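Asker: Residue strings, one per chain:
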Amino acid sequence: MPNIKKIQRKLDKKYGGKVQVTLEDDIIRLTGELENWSDVYGACAMAATKRSNVHVVNDIKFTGAEVPPMRVPSLTDNAVDGKTPDVLVIGGGISGCAIARELSKWDMSVMLIEKNPDFAMGASGANDGEVHVGFDLSKGSLKQKYVLLGNKLYDKLCADLDVPFRREGQYVLFTQWWLFVPLFFFVLWRKYHDGVKDSHFVLRGKIRRDQPTFDKKILFGVYNDTAGVVCPYGLTIALAENAVENGVEAYLNTAVLSMDTNENGGIVAVHTNRGTIKPRVVVNAAGVFADDIAEMAHDRFYSIHPRRGTNSIQDRKSANIIDTVASVQHVNLALAKSHTKGGGLMRTVHDNVLAGPDAVETYAKEDTATHPESIKVTYDKQKGTVPLASERDIITYFTGVRAPTYEEDFVIEWGRKCSNMLHCSGIQSPGLTAAPAFALDIEKMVVERIALIKPVEKKQKWNPVRHGVPVLKDMSPAKRAAYIQKNPDYGVIICRCEEISKGEIIDCLNRPLCPPTVDAIKKRIRPGMGRCQGGFCSPLITKIIAEHEDIALSDVRKSTAESVICFGETKGGSTND
Amino acid sequence: MIKTCDVLVIGGGPAGLAAAISAHKEGARVVLVEREARLGGILKQCIHDGFGLVRFNEKLSGPEYAERFIDEFRELGIESKLLTFVTSLERIPEGFKATLVSRDGVEVYETKTVILATGCRERTSKQVFIHGTRPAGIFTAGTAQHFTNLLGQLPTKRCVILGSGDIGLIMARRLTLEGAEVVGVYEVKPTPSGLTRNIHQCLNDYNIPLHLSHTVTRVFGQDRLTAVEIAEVDDHMKPISGTEEIIDCDALILSVGLIPENEIAETLDVQIDPRTKGPICDAHLMTTVPGIFSCGNALHVNDLVDYVSESGETAGKYAAHFAIGTDRVPVEIHPNENILYIVPQRIDLSEDNHETVVYFRSKEVFEKATFRIVADGKTLFEKRYTFLKPPEMEKVVVDFASFNIRANTAIRAEVEVEGQ
Numbered sequence: 001m002p003n004i005k006k007i008q009r010k011l012d013k014k015y016g017g018k019v020q021v022t023l024e025d026d027i028i029r030l031t032g033e034l035e036n037w038s039d040v041y042g043a044c045a046m047a048a049t050k051r052s053n054v055h056v057v058n059d060i061k062f063t064g065a066e067v068p069p070m071r072v073p074s075l076t077d078n079a080v081d082g083k084t085p086d087v088l089v090i091g092g093g094i095s096g097c098a099i100a101r102e103l104s105k106w107d108m109s110v111m112l113i114e115k116n117p118d119f120a121m122g123a124s125g126a127n128d129g130e131v132h133v134g135f136d137l138s139k140g141s142l143k144q145k146y147v148l149l150g151n152k153l154y155d156k157l158c159a160d161l162d163v164p165f166r167r168e169g170q171y172v173l174f175t176q177w178w179l180f181v182p183l184f185f186f187v188l189w190r191k192y193h194d195g196v197k198d199s200h201f202v203l204r205g206k207i208r209r210d211q212p213t214f215d216k217k218i219l220f221g222v223y224n225d226t227a228g229v230v231c232p233y234g235l236t237i238a239l240a241e242n243a244v245e246n247g248v249e250a251y252l253n254t255a256v257l258s259m260d261t262n263e264n265g266g267i268v269a270v271h272t273n274r275g276t277i278k279p280r281v282v283v284n285a286a287g288v289f290a291d292d293i294a295e296m297a298h299d300r301f302y303s304i305h306p307r308r309g310t311n312s313i314q315d316r317k318s319a320n321i322i323d324t325v326a327s328v329q330h331v332n333l334a335l336a337k338s339h340t341k342g343g344g345l346m347r348t349v350h351d352n353v354l355a356g357p358d359a360v361e362t363y364a365k366e367d368t369a370t371h372p373e374s375i376k377v378t379y380d381k382q383k384g385t386v387p388l389a390s391e392r393d394i395i396t397y398f399t400g401v402r403a404p405t406y407e408e409d410f411v412i413e414w415g416r417k418c419s420n421m422l423h424c425s426g427i428q429s430p431g432l433t434a435a436p437a438f439a440l441d442i443e444k445m446v447v448e449r450i451a452l453i454k455p456v457e458k459k460q461k462w463n464p465v466r467h468g469v470p471v472l473k474d475m476s477p478a479k480r481a482a483y484i485q486k487n488p489d490y491g492v493i494i495c496r497c498e499e500i501s502k503g504e505i506i507d508c509l510n511r512p513l514c515p516p517t518v519d520a521i522k523k524r525i526r527p528g529m530g531r532c533q534g535g536f537c538s539p540l541i542t543k544i545i546a547e548h549e550d551i552a553l554s555d556v557r558k559s560t561a562e563s564v565i566c567f568g569e570t571k572g573g574s575t576n577d
Numbered sequence: 001m002i003k004t005c006d007v008l009v010i011g012g013g014p015a016g017l018a019a020a021i022s023a024h025k026e027g028a029r030v031v032l033v034e035r036e037a038r039l040g041g042i043l044k045q046c047i048h049d050g051f052g053l054v055r056f057n058e059k060l061s062g063p064e065y066a067e068r069f070i071d072e073f074r075e076l077g078i079e080s081k082l083l084t085f086v087t088s089l090e091r092i093p094e095g096f097k098a099t100l101v102s103r104d105g106v107e108v109y110e111t112k113t114v115i116l117a118t119g120c121r122e123r124t125s126k127q128v129f130i131h132g133t134r135p136a137g138i139f140t141a142g143t144a145q146h147f148t149n150l151l152g153q154l155p156t157k158r159c160v161i162l163g164s165g166d167i168g169l170i171m172a173r174r175l176t177l178e179g180a181e182v183v184g185v186y187e188v189k190p191t192p193s194g195l196t197r198n199i200h201q202c203l204n205d206y207n208i209p210l211h212l213s214h215t216v217t218r219v220f221g222q223d224r225l226t227a228v229e230i231a232e233v234d235d236h237m238k239p240i241s242g243t244e245e246i247i248d249c250d251a252l253i254l255s256v257g258l259i260p261e262n263e264i265a266e267t268l269d270v271q272i273d274p275r276t277k278g279p280i281c282d283a284h285l286m287t288t289v290p291g292i293f294s295c296g297n298a299l300h301v302n303d304l305v306d307y308v309s310e311s312g313e314t315a316g317k318y319a320a321h322f323a324i325g326t327d328r329v330p331v332e333i334h335p336n337e338n339i340l341y342i343v344p345q346r347i348d349l350s351e352d353n354h355e356t357v358v359y360f361r362s363k364e365v366f367e368k369a370t371f372r373i374v375a376d377g378k379t380l381f382e383k384r385y386t387f388l389k390p391p392e393m394e395k396v397v398v399d400f401a402s403f404n405i406r407a408n409t410a411i412r413a414e415v416e417v418e419g420q
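The listed protein sequences derive, respectively, from chains A and B.
Be aware that the first sequence starts at 1, since it is given in the working numbering, and climbs by one per residue.
Be aware that the second sequence starts at 1, since it is given in the working numbering, and climbs by one per residue.
Chain A on its own, in the form it takes in the complex (with noise of 0.2 Å):
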């Protein structure tokens, strides 16, 4: 149990009396006022410990600036009301998509949430994709334990879902002779103690003959050979289809607002933006504002800090600069430890170079703007590891904010106060290399607890596998062509950035889930990706999308229904080619 007089002790001393600790039903709430927010992340960062199920929830009453409400559609209508789902899971990023998939094997109704127009906008779609290995955390931990599990079954799952993915390996690399001896016991410790059997201790000389691009002053490193990359997003979208192939109802642009729970503390009803949902369970895997549902569910019992991270994506032409993953660690004993590996350098899984993500606490949880600082950081950073990384070859950044707890684990159990409400809560680096082991935990829980109200079978049919849009530039000519005698408009080029058809666009459009939107065909098959970043294909696609939609070109939308793209005719008029 923590000590809590100590805790108060040391607050008094940094924050001089403006912040109270109490503990009451394994809760270490924090409470008082203060202006900055790096006090109130610091004041429950002193209050948590690490990995400790005694959350620090925040109730620090911040005064410095206004933090802006969630995000909410502007859609209503009834779409879901009246649903009586067994589960509802809300969030459709990498965690419920993976969850609604694994529930979608039983015979018992799903349905997946999501706020935003799309799968995939909040974290999960600004992740790096680096498939972790876990080399950097302790046993213990559900970080750890789902880390190691979910690693291996990347294979299968991106092979199942049709889902680029690439063993690539991974490389942590230092500079400084004196870590020599502490470094080696330390992946001994990590390969008999944490489980981590791949690391393999690497020499300077190997590094420069194995990665001659790699910066000359690096002197020894841990070689990790089943580190892999996977597209994030295209993961996360292939999850939700393949789930809702197999019987999941998912619905976009559908926020929850509000909750009615009963006198046990259950869950009775969900309130939306698209009416009252009455499920039996949910399972909260909201991303940043998980804690804001479990509030809802009078369960708060964590609090989720927001951390921003930028990276940067390179020109593709930049990718012989490396063919892996890394990133040089500079240990100084003198500073305390941050709460990020430093990002990195990789090769993408299609082929780009990304640099990045630095970490920035911050009170506003869609706060995705960029910085230049981020650049700057990550960029002074990575130079260290590759030298030849330039800012120059940047072709775009993008911001994503990750949702710790305190304590700086997964929270994924039942509720505390609330009987039908499964957190899946605290999930950032490695969520998206542990999800698809934890969303089997969370599917065992969740049907044991269906299984108490009503019987629960497996489905006789479950098809695993799902079929994305062709890819028509990876195909040898003769299939190529083969494809474009089927259909003429494979061969009719749109972006020519990524080399993406007007025939695959279209097919895009024909897939169950895919809102018809700039941003969405983008994230999924890449028109608007490359080098020129959609100018010049962003008017062909729009048109393709009024097209094919029947709509006129000013309805057309990049992303949110408020996400105007033109404003209508000119005085001209449309012309009709």
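Since the hints were derived computationally from the structure, they do not count as laboratory data.
Among these hints, one or two may not hold up.
Simulated crosslink set (SDA-like; lysine to any residue; CA at most 25 Å straight-line) [what the hints assert, rightly or not]:
(1) A:Lys479 x B:Asp104
(2) B:Lys157 x A:Asp555
(3) A:Lys376 x B:Thr217
(4) B:Lys157 x A:Ala478
(5) A:Lys479 x B:Ile2
(6) A:Lys571 x B:Lys59
(7) A:Lys317 x B:Leu268
(8) A:Lys479 x B:Thr99
(9) A:Lys486 x B:Thr99
(10) A:Lys152 x A:Ala478
(11) A:Lys317 x B:Arg123
(12) A:Lys473 x B:Thr99
(13) B:Lys3 x A:Pro69
(14) B:Lys97 x A:Phe567
(15) B:Lys97 x A:Ala546
(16) B:Lys157 x A:Ala546
(17) A:Lys197 x A:Pro182
(18) B:Lys157 x A:Asp474
(19) A:Lys473 x B:Glu232
(20) A:Lys473 x B:Ile92
(21) B:Lys3 x A:Gln485
(22) B:Lys44 x A:Pro182
(23) B:Lys277 x A:Ile321
(24) A:Lys543 x B:Thr87
(25) B:Lys126 x A:Arg392
(26) A:Lys376 x B:Glu232
(27) B:Lys97 x A:Pro477
Remember, it's a predicted structure, so these values are computed and weren't measured experimentally.
For chain A, the structure is supplied; the task is to place chain B on it using the hints.
Answerer: This is chain B only, laid out in the frame that chain A set:
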């Protein structure tokens, strides 16, 4: 079945059309590949006038200018492949093998020479490091022009334009005429990037303010853009803290530079000049890879289409000659520090160099300057200028044959400024 030709032209804009016509006239078997459904390239969306002043002594619109070449191209019966995309280009002993994708499937062409007339692309907001959110309403000027002129759709009601490149200036006027409000044009440099005539005709005539030494530092808006932050910049083009100002608008239109498209060239290891960002070429516009020629905006960014056509003609003519085959003797031309770039970067002694067209841009705005070509200390060519400005490309015709140039001759191009 594999098809063959002498000259494969990639790109059906003004450069490619001129190249194909001139190669055809020299007797070569020419095939032109264009990825769009119609010939003309970006001229199709340039409905303003001012094209052809140098070449035809007439003020034509973009489509009118293109039409003159398209008509000639058609009359000559040159083969074109529209809605066709080159997916790869490989070296083979006979020349090059190009793989083409179209509605008809996948075709392979073997060609003796290739002319790259692939034009250029626009620099994007992220390439000039604009930060903030990612809303709808950030367009490059060419994209906004596509929406406005080809699709008949208004992309903005009230916008800020960043960059004073010519397309940005043209779009400032175009959008104003369509009833949109252009709050201002902001240019990070202390001098405008576009042609002086466009500053007058597109901004001054419509009372659109031009703010030099200013840039956009940030964009706002979750769904559609709602505002931009602008700031004054110092001598190093870095924003000066404290000068920030928020401007409400629904779009940011960018005219911040053009980049020659040479991705296909690079797959063949064609050497790129870091100054022009186009291939290093000799006076016949052959790149460092024998048989690969470059012209138009893929070679270097031109401000007048007239010169684009001219370079296409040069490339077309000599590509046709090359298909017949001659030994080449390249000699480098070395520009001095006052020259931003020079094209061609080398001449070929095996060809006739009596009337070699040379293009250059000065590095800065110079008053009273002299441009010279010097071979082993002897001046071959000299021209005085009252003004030299980087946005305005200069063209001269040099008689390299007036000096006995040998392979080891040092050829220099100089801009000398009075009093410097």
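Asker: Does each hint hold? Answer for all of them.
Answerer: Checked hints:
no.: 1; hint: A:Lys479 x B:Asp104; in the structure: holds, 13 Å
no.: 2; hint: B:Lys157 x A:Asp555; in the structure: holds, 16 Å
no.: 3; hint: A:Lys376 x B:Thr217; in the structure: holds, 15 Å
no.: 4; hint: B:Lys157 x A:Ala478; in the structure: violated, 48 Å
no.: 5; hint: A:Lys479 x B:Ile2; in the structure: holds, 17 Å
no.: 6; hint: A:Lys571 x B:Lys59; in the structure: holds, 24 Å
no.: 7; hint: A:Lys317 x B:Leu268; in the structure: holds, 13 Å
no.: 8; hint: A:Lys479 x B:Thr99; in the structure: holds, 14 Å
no.: 9; hint: A:Lys486 x B:Thr99; in the structure: holds, 20 Å
no.: 10; hint: A:Lys152 x A:Ala478; in the structure: violated, 35 Å
no.: 11; hint: A:Lys317 x B:Arg123; in the structure: holds, 16 Å
no.: 12; hint: A:Lys473 x B:Thr99; in the structure: holds, 12 Å
no.: 13; hint: B:Lys3 x A:Pro69; in the structure: violated, 63 Å
no.: 14; hint: B:Lys97 x A:Phe567; in the structure: violated, 45 Å
no.: 15; hint: B:Lys97 x A:Ala546; in the structure: violated, 38 Å
no.: 16; hint: B:Lys157 x A:Ala546; in the structure: holds, 21 Å
no.: 17; hint: A:Lys197 x A:Pro182; in the structure: holds, 18 Å
no.: 18; hint: B:Lys157 x A:Asp474; in the structure: violated, 42 Å
no.: 19; hint: A:Lys473 x B:Glu232; in the structure: violated, 45 Å
no.: 20; hint: A:Lys473 x B:Ile92; in the structure: holds, 22 Å
no.: 21; hint: B:Lys3 x A:Gln485; in the structure: holds, 19 Å
no.: 22; hint: B:Lys44 x A:Pro182; in the structure: violated, 66 Å
no.: 23; hint: B:Lys277 x A:Ile321; in the structure: holds, 20 Å
no.: 24; hint: A:Lys543 x B:Thr87; in the structure: holds, 24 Å
no.: 25; hint: B:Lys126 x A:Arg392; in the structure: holds, 10 Å
no.: 26; hint: A:Lys376 x B:Glu232; in the structure: holds, 21 Å
no.: 27; hint: B:Lys97 x A:Pro477; in the structure: holds, 14 Å
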